[in-house]
Each structure stands twice: as structure tokens, then as C-alpha cells.
Amino acid sequence: MTADSKPKTVLYRVLRFEPEGSSNPRWQEYTIPYTSGLTVLDGLWVIKEGVDPSLVWRSSCRMGICGSCGMFINGLPRLSCNTQISELGSSTVEVAPLPNFDILRDLVPDLGPMFDHHQALSPFILRPDREELEKPTAEYYQSSAEMERYLQFSYCIKCASCIAACPTVATDPVYSGPMPLAQAQRYNTDTRDDGFDIRKLALRGPQGPWRCHFAGECSRVCPKGVDPAKAIQLLRRDLVADYLRLRRPTPPAAVVEKPDDIARRPDIPEAPPATV
Amino acid sequence: MLESRGHPNRLGMRGWLFGGRWGPDRYLYSLHRITGLGLLLYFAMHIILTSSRALGQGAWEESMARVSGPLFVIGEYLVFVAFAFHAINGLRLALAEVGFGVGKPIEPIYPYRTALDEQRPIVVVAMILVALLIVVGGLDFFVWH
Amino acid sequence: MQDQKLWTWHLAAGLVILVLLGLHMAIMHLDAALGIFNPSGGHPIDWANVVARGQTLFFSVTYVLLLGVALFHGLYGLRNILLELAPGPGLKTAISWLLIITGVALFVLGTWAAWKAHQVALGGVLV
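Protein chains in written order, with the working numbering: chain A, 1 to 276; chain B, 1001 to 1145; chain C, 2001 to 2127.
Calculated from the structure, these hints are not laboratory results. Since no wrong hints were added, every one of them can be taken at face value.
The calculated PhoX-like cross-link candidates involving lysine-lysine, where the alpha carbons are at most 25 Å apart (straight line), are:
no., chain 1, residue 1, chain 2, residue 2
1, C, LYS2005, A, LYS200
2, A, LYS135, A, LYS258
3, A, LYS200, A, LYS158
4, A, LYS200, C, LYS2092
Please model the entire structure based on the sequences and the hints provided.
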């Protein structure tokens, strides 16, 4: 047997915390065999199934879509399912819960404050025609170019990596943080939306983008390329323009009116009857 | 206030300066803060000290004599360095923070291109300008006099 | 007060400072390279130069403008940093008032000095 054929191992250092005791979080070490393609999340499963079943974390989809498994891995907030151990460039994997959130247990952060901020900025379409919103009769007009103005920010999966990276949130619980502000910008720039003045009530105060100093960490760590730093600067541009009365509000996109003088092309068959 | 439901884990002031393996923009942010605080402290003392010129030549020369000497020259040079950084980086931030030079929203296709990548050439030019100012200022402070 | 308002003025103040303090720094610290506004030669803080600048209305006015604008910019920046430390509501009000009082006091002192120095400089020439 040569040295190369010996199974390689990975050392996991995991921050453990039990809320039942009065003890502080402590580091615990596990050594597991390395297999090709092992992600940080896979390694945690190996530990839970074979070594220590008491280890707790949040995860779901294993493919970077659900945003549950954000963790502080080797000095950066990342999605553990999206992080290959081989890309860390180290045989030691240090896993801690996302900072700037209270630790509920082991690797589980309390994301509640982030979602409170998110909710406070009305992250949904606000328009005067409530009836049409509740019982839509048709679509709203929106061009592809108009959609691209917010599409990037709508890829956010609320994994809280940006909040964990933000230096302002590190001390300030009042500041909304990158994710909620990026989502405010996402809905402000949506042409179907008319809620700028309502969101402004919160955004003009200390919850708003004013305590962003463009350290840029949120954009660096975002696993979906949402670029919250860009969203915050664009949001601030709109709010500054609004204060200087340079912002020209546009009415929200109108409902597409159904043409009434059309007939079905004869070569297109009727849809089959509904089965449910 | 938000109620704590677990073990508090905010990074605190440590997170301003150092929170992990961060990028260059994080350090520019820290430097901007430190130079700003330094300039403000100097500015307050500067106002008080230079007010002596209202009392005529004697008072002025007396107060200027109190802050002469090599240690004060080095201190003043540090103020100049802080000013050079805070001014140039501040101009960059003033433009970026109202959305100039951060780019338009794009389709996030891997590898992601963020506002930081848009800023990178601007940061490099700004830091070269800062370095030039620091060198010219240094020559003026210590060589040409 | 609303940060939307204050931050916009913070930004505008920064741009004014960039011009005025740039000029101030160029006069004071790049004198060997540029040598502007030092009519009697020598060091920019020699009394003769101070008088020469104090005589012109331009310098007296821009000194006061720079003073006010820079105090606002600096103290709002300091307030921002302090409020990011999440003080309680009482402490927050105390910080705001302390900074306002400090700012006004320094502004009054500096304005008095600029005005008085302008008088002294003019008088120095006439007598």
C-alpha cells in the first residue's frame, strides 16, 4: 500500500451550543473520511449519522435553492450545501452558526429579527386597485427591460448570509440590513408596484439604507449573486432624489385589456377539458 | 427592541474591523471611519487653537509656538494623510452611494459580477491618487522645507 | 430628524468640504509646491500671511462656510457611528443634544475668531 491510497480525512470543528445548560458555545472536533464531492453539509450528515446524533442544524433542499443551510464556514458566511470541502483549500472545516443572530442551538441561528425587518418594509406588490390584486382579471403590462431592473434582486433566497457579513448589523439591531433593503428596492423598482411612498415611511429613518457604508461584504458573500450592496445604493439614490424632489413618480403598470374583436386561429385545436 | 431568544452572537465592534476573511472594501470602510474620527478630533482642537488669531499677533505666535517641533510636524502630516484618504475615498463613496459606478442590475450568471467588481478599477485609481497626494505632501512637509 | 434629510446634507457637505478643505490643505501644506495665497512668502502660518488672507472677504467667508459645513459633516458622521452602537433611547437623545451643543459652541467660537481676525487684519493695514 502506498501513502496515496490511504483514505484522506477531514477535521470538522463545529461550534456547539445547548440552550438547556448555562454554558457558553464550545468547539467540538470530529474526524470523518473524505470522499470526492463531499460538501460541508454532506460532512455534517456523516457526523450526525455515524458519530454524534445530537448535532443540530437547519437544511432542506441540498441544492442552493431553499436558503436554510447558511453557516459561517472557514471565516465566511456560505451555504453549506453549496460549498465543496475541496474548494476550501484546507483539510480543517470550521463550522459556526451565522454571526449577528442569536444561537438557538448548535448551528441554528434565530432568523426572526431579519424577517421582522423584511416584513416591515412591505416586500410585496402594493397598489391602489386592491380588488384587481385580490381577484385578477388579466395581467399587468411589463416589458422585459422593466423586469430586468429588479430581476437580479428577486433571486434572493433569504439565507441571511448578507446579514451575517454586514459590519453595521454587527452592532446595530435597528438597521434593516442588506436583505430587507434589497427586497425593498426589488419591489420599489417593479413597475407593477406603487408602494414607494409607503415603504419610504420606514426607509427614511434609521432602518433605511443610511447606515450602509458600502463595505460590500453582503455582495461578496451572497450565494445567489443578488448583489444587495448594489440594490442598497440604488435604493438610496431614489430616496435622495425623492428628498431633493428630483424623483418623478410613475403610475403603476396598467392591466392588459383583453381585445374583444379576435377569433381563434382555425389550426389551433381547443384545449382538452379540465381533469380536476 | 427585539427580544433575545438564544445565545447572543452579534459580532459587536469587533465586526466593524474584523469579522472573518473579508475583502479590501471592508478595510477601506474601516479606514474611512478611523480617518474621519481622527480628522474630527483634530478639527475641534484646530478651531480652538486658531481662534487665537482674533487676539492679535502675540497670541497667534504664542499658540503656534506651542504646537511647533518635529512631533507636531509628524502629527500634522498624519492629518494630511488622513485628509488625502478621506477626501478621495469619500468622493468615491459619495458617487457610489447614490448609485453611480455600481452598475445596473444584471442577470446573475456564475461567476457573479457584483457592484464590488464595478468599483474595483475606481478603487485602484482612487488609491493611486491617495498615494500620490501622500508622497507629494510628504515631500512638501519634510524635503522642500 | 430623518436620516433621509440629514444624510443628503451630509453628502452635500462632503462635496463642499472636498473643494474648500482641498484649497485650505493646498495653501497650508503644499505651499512649497504651489505657493498660493502666501503673499509675504515664508511659512503659510506666519502672521503676515494670516493677516493677508484675513483681509480678503473671500477667505473670511469661506472660513465660516467651511467651519459650519465641516462641523455638520463630522458630527453627523460621529453621531452615525455612535448610534450604530445601539444606545438606549435616553442615551440616544443625550448623544444628539451633546453633539448639537458641541457643534454650535465650536461654530460660534470659530465664527467669532474669523470675524475678529478680519477686523484685526483690516485694522492692521489701516493703522
